[in-house]
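Protein chains in written order, with this note's numbering: chain G, 1 to 113; chain F, 1001 to 1113.
Worth flagging that the hints you see were computed from the coordinates, not collected in a lab.
Be aware that a few hints might be false.
[Unchecked claim] The following label-pair restraints were derived from C-beta to C-beta distances:
| id | chain 1 | residue 1 | chain 2 | residue 2 | range |
| --- | --- | --- | --- | --- | --- |
| 1 | G | Ser5 | F | Gln1081 | 27 to 33 Å |
| 2 | G | Arg15 | F | Asp1055 | 45 to 51 Å |
| 3 | G | Gly40 | F | His1072 | 33 to 39 Å |
| 4 | F | Ser1051 | G | Arg15 | 41 to 47 Å |
| 5 | F | Pro1040 | G | Ser66 | 28 to 34 Å |
[Unchecked claim] Listed next, the in silico DSS-like pairs over lysine-lysine satisfying Cα-Cα at most 27 Å (straight line):
| id | chain 1 | residue 1 | chain 2 | residue 2 |
| --- | --- | --- | --- | --- |
| 6 | F | Lys1005 | G | Lys57 |
| 7 | F | Lys1068 | F | Lys1005 |
| 8 | F | Lys1105 | G | Lys57 |
| 9 | F | Lys1071 | F | Lys1108 |
| 10 | G | Lys57 | G | Lys71 |
| 11 | F | Lys1105 | F | Lys1068 |
| 12 | F | Lys1005 | G | Lys11 |
| 13 | F | Lys1054 | F | Lys1068 |
Please read these numbers as outputs of a predicted model, since none were measured by experiment.
Beta carbons are placed, not taken as given, at the ideal position from N, Cα and C, and that holds for glycine.
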Amino acid sequence: DTGVSQNPRHKITKRGQNVTFRCDPISEHNRLYWYRQTLGQGPEFLTYFQNEAQLEKSRLLSDRFSAERPKGSFSTLEIQRTEQGDSAMYLCASTGDSAYEQYFGPGTRLTVT
Amino acid sequence: DQQVKQNSPSLSVQEGRISILNCDYTNSMFDYFLWYKKYPAEGPTFLISISSIKDKNEDGRFTVFLNKSAKHLSLHIVPSQPGDSAVYFCAGADGGSQGNLIFGKGTKLSVKP
Chain G
1 DTGVSQNPRH KITKRGQNVT FRCDPISEHN RLYWYRQTLG QGPEFLTYFQ NEAQLEKSRL
61 LSDRFSAERP KGSFSTLEIQ RTEQGDSAMY LCASTGDSAY EQYFGPGTRL TVT
Chain F
1001 DQQVKQNSPS LSVQEGRISI LNCDYTNSMF DYFLWYKKYP AEGPTFLISI SSIKDKNEDG
1061 RFTVFLNKSA KHLSLHIVPS QPGDSAVYFC AGADGGSQGN LIFGKGTKLS VKP
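Using the sequences and the hints, build the whole thing.
What follows is the structure, given as structure tokens:
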């Protein structure tokens, strides 16, 4: 088992551009979570999938954000028309039976210039 | 309003001594609590958890204590080792949620040889 992987690890983009991040969870995990972490803060929940169904979304997830998990395996998080305030670390986590003991990937650090 | 508070941004401890990291919460609906450890450039790693029906959980050098009446939990590391130097996040979960973890801002622990 190779753990949760995220790509890319770093992304620098100009304001107004669209970006997409990918998360590959641990293979047998059916639950997948996206979090955002800014400097000096803990991770903040964005959205949750059980298999391919998106079951919960935070109010942090504005309409510029969209997440998918088309076949219940990997997931993508897209941010449209990026803003400087979107600069953060985007973390993906997965889990199986326990909803709480989540395994995190290394994150994608987004810098919007 | 912060639901999970870690009031000490940093803590420095001598190797071999006890490290005590504290966490307070305000949400009475939390019924599960977790501690995560984070090294630079890595995602958070699950360390230990406790259900609200317990007041103590121990795993090797790590013990978590929960005081529900005070809405307070603490993580004890005995003995502390230099490899324990990391940022520690406390998180709470509402049993009615789907695993949406609410994190504190973290405490940076430095264990000096």
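Do the hints match the structure? See the list:
A hinted range of 27 to 33 Å for the beta carbons of Ser5 of chain G and Gln1081 of chain F is consistent with their spacing of about 28 Å. Restraint check, Arg15 of chain G to Asp1055 of chain F: a C-beta distance of roughly 50 Å satisfies the suggested window 45 to 51 Å. Evaluation of the 33 to 39 Å hint for Gly40 of chain G and His1072 of chain F yields a failure: the beta carbon distance comes to about 22 Å. Taken as a hint, the range 41 to 47 Å holds for the pair Ser1051 of chain F and Arg15 of chain G, whose Cβ atoms sit roughly 45 Å apart.
In this structure the supplied range 28 to 34 Å holds for Pro1040 of chain F paired with Ser66 of chain G, their Cβ-Cβ distance being about 30 Å. Distance restraint check for Lys1005 of chain F and Lys57 of chain G: the Cα-Cα separation of roughly 23 Å lies within the 27 Å cut-off, and the hinted pair is therefore satisfied. Under the criterion of a C-alpha separation no larger than 27 Å, the hint pairing Lys1068 of chain F with Lys1005 of chain F is consistent with the structure, at around 15 Å. The straight-line distance between the Cα atoms of Lys1105 of chain F and Lys57 of chain G is roughly 21 Å, inside the 27 Å bound, and the hint therefore holds.
For the hint pairing Lys1071 of chain F with Lys1108 of chain F, the CA-to-CA distance comes to about 22 Å; that is within 27 Å, so the pair holds. For the proposed pair Lys57 of chain G and Lys71 of chain G, the alpha carbon gap of about 19 Å is at most 27 Å, so the pair holds. This hinted pair checks out: Lys1105 of chain F and Lys1068 of chain F have alpha carbons roughly 21 Å apart, not beyond 27 Å. With a C-alpha separation of about 30 Å, the suggested pair Lys1005 of chain F and Lys11 of chain G falls outside the 27 Å cut-off, and the hint is violated.
A C-alpha spacing of about 9 Å is found between Lys1054 of chain F and Lys1068 of chain F, which places the hinted pair at or below 27 Å, so the restraint holds.
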